[in-house]
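Undergrad: Just need the whole structure built from these sequences, with the hints factored in.
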Amino acid sequence: MIPLCLLRSRIAILALAVLSLLLPTAARADLILAFTPDFQVANPGNTVTFTGTITNTTGVTLNATDMFLNFSGFDPTSLTDFTQLLGTPDFVLLDHHISPIVDLFSVTVGPSTQVGDYSFGVSVLDINNNSSDMLTATVQVGGSATVPEPSSGLLFATVTVGVILFARIKAFGKYHCSNRAPGFGPSL
Amino acid sequence: MPQVVTHAPSFSTRTPDILNSSNKLSLSIPVLNIGTAAANNMVVTGITLGSSVPLNPAMPVVLGDLGADNAAAVNASFSAANLTVGNKYLVTVRGTYAFGNATYGFAVNRFIVVPAPVAPPIPFLAAHVLVSVNLVASTWSYTVFNDESAGSHRFINAISIDMTVPFTVTGTPSGWAVDTDNFSYVLWYAVDVQLPYPHHIAPGASLSGFQIMTARSTSESKGLSITSWNHQTDQADLTALGDTLVPSQT
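Which chain is which? The protein sequence lines are A and B, in order. FYI, the working numbering numbers position 24 of the first sequence as 24, with every residue one higher than the one before it. FYI, the working numbering numbers position 198 of the second sequence as 198, with every residue one higher than the one before it.
Rather than coming from a laboratory, the hints here were simulated on the basis of the structure. Do not take every clue at face value.
To be verified - Quick partial rundown of chain A residues pointing at chain B, CB under 10 Å, derived from the structure:
| no. | residue |
| --- | --- |
| 1 | Met67 |
| 2 | Thr77 |
| 3 | Phe82 |
| 4 | Leu125 |
Here the structure is a predicted model, which means the values were calculated and not measured. Ideal placement from N, C-alpha and C gives every residue a C-beta, glycine not left out.
TA: Here it is in structure tokens:
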């Protein structure tokens, strides 16, 4: 007979597999970069900070200073001085854990930048050369915040429900099965 | 949810080779194109190491075209004066590249740990070059400095600078001659053939008057070498390697 806690673990694994199929390929990388949000509103001359989380599924514990942000595809006259903030301060990100929301990087809008949306690509690489997928973020110059597009909202809701589901399953399993070592941020 | 960018150049780096020697931290930083398309006319416009003072190269540095899954190395050095051995510092390489009909920016980052200082693996001549660019006259003028200590016997007897565009030599100091193909290099050398070599540049001294002219209106960093002659042994001695601004291809 299969113990109840083992059965619940299998359900959790199955749910994880289903969720991973629903998510885009970005969610299957060794590092998963997520913005909160993926746009910032600014005026010419402003410096804005992007925040977000990093999910570590590399198999090893990482420090924040073991992770490096790379940028490409931006208008170099409109967006300048991309500065990595991740790692200052340093923190530990255990394997299969999600970081808290942290400052990732800042970027400055050129003083003569015209009103409009300026997008760029961002990825995160770790010291072992594990990489996230390249994501797009946007600085809306002279604009106002817009509601995320429906597909983004739907996907965000899916992820949220998934995380809650895992938390509940894990909490239940933790109660009935052996405890796991505590980590920084929620574990997967 | 942000969209995933595809079918374009994108960049990354790896752990640089690092040398801490003679109060200078030297880095060789790989820049990788990990995207799915070639990045054309890559130009490095800035390299920073925390708040450390950069020593070289002069900016910008042209890397040229970088195909997908290819890498190029950027060499840079910083003053080690305010760096603490064992501490981590963020290296950032910024630049531009062409893709399609547009020019885009890139920036790659890497935390490095400052290693303990070591003796120079190879002794170099202490010398450097300063450049003055006059875009109205389209001239690049160079001054060569012998930074050897006062008691040194190493006198500068030649300087060679890499070039990338057609040019003409418009200035050569008295007692010096020039050799050039007017495109890829220029070599100035002292014409003295025996002691006391009166036109060699003595330790602590400098010499200006090295000048080229071209129709270009922008600069890029290229390599140079400065050679010395030992007035005590009457033989060739140490060489200095560096970089300076020259007329740019773009």
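Undergrad: For the restraint on Leu125 (chain A), tell me whether the closest CB of chain B is nearer than 10 Å.
TA: holds (5 Å)
Undergrad: Would the hint on Met67 (chain A) be counted as holding, given a Cβ-Cβ threshold of 10 Å to chain B?
TA: holds (9 Å)
Undergrad: For the hint on Phe82 (chain A), just tell me whether its beta-carbon gets within less than 10 Å of chain B.
TA: holds (4 Å)
Undergrad: Would the hint on Thr77 (chain A) stand, with a C-beta cut-off of 10 Å toward chain B?
TA: Nearest chain B Cβ about 8 Å off; hint holds.
Comparing the model with each numbered hint stated earlier shows that all of them hold.
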